[in-house]
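**Q** Sequence:
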Amino acid sequence: MEMISVCVIIGVVLGVSLLVFRRLNELWYLVKLGGRAYKSLPPGDLGWPVIGSSFSFYKTFVVQEDPISFIQSLHSRYGKGGIYKTHLYGKPTVIATDPEICRRIYLDEAKFKQHYPKSVKILEGSSGEFSKMDHKIAYKLMAAPMNGSEVLSNYVDFIEEVIAKGLEEWSSMMRDPIKLLEEIGNLFFKVIIKVFLGSQLDAKTMVELHTLYKEMSFRVVMSTFLYDFPGFTFRQALKV
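As numbered in our numbering, residues 1246 to 1485 make up the sequence shown, in order.
Capping the alpha-carbon separation at 16 angstroms, the derived lysine to aspartate or glutamate pairs in EDC-like fashion look like this:
no.	residue 1	residue 2
1	K1435	D1402
2	K1424	E1414
3	K1459	E1310
4	K1435	E1453
These are computed hints drawn from the structure, not numbers from a lab.
Generate coordinates for the entire structure from the input sequences, incorporating the hints supplied.
**A** See below:
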């Protein structure tokens, strides 16, 4: 009888401890921000300490390749308000899913400053040889081929051709689900390559560039943890 009582007590203590540990992120930011500021945050869940919701985010985006399910889980749990708080890769994060909210964020540069994780800055060369170059000059050099309506008008026929071929390919895949974001990215890549590199590239080179482009994009997004060790995405991104 005493053993059962001890087991019950241990179970209760462990359960309460686990519950408190699970809410440490919430408690930490409640104390840090204050009650009034914390209540003004959008609905959501900050998850476990340090890792937050990183595992579920990684699972849906990378393992299952179904990012919509992550968004749908937010909608089902916290309503379709279009903005939610969470905790990803060691950082408190706000996710906006409503088009109107996203538009306001992108257009209001006074309130919303553009910021990239430290890993992205390292991978793009902001802390290496490229940092010696004036970023404004670099931007002008890269933007020159696409600057101005007259310049872009030279590519209208090519863009129409790419879109027409893309639609034909999609129509042939009607029996299978189309990954619209990925397919649009493929079309966009073809246009960018045409604008910057011209049409002198053979099919094999295009495939290789597209593979590197997708791999680099994925590595940059998933390399928020700055661990240069075997198996970590940041190390793989550095190699790319």
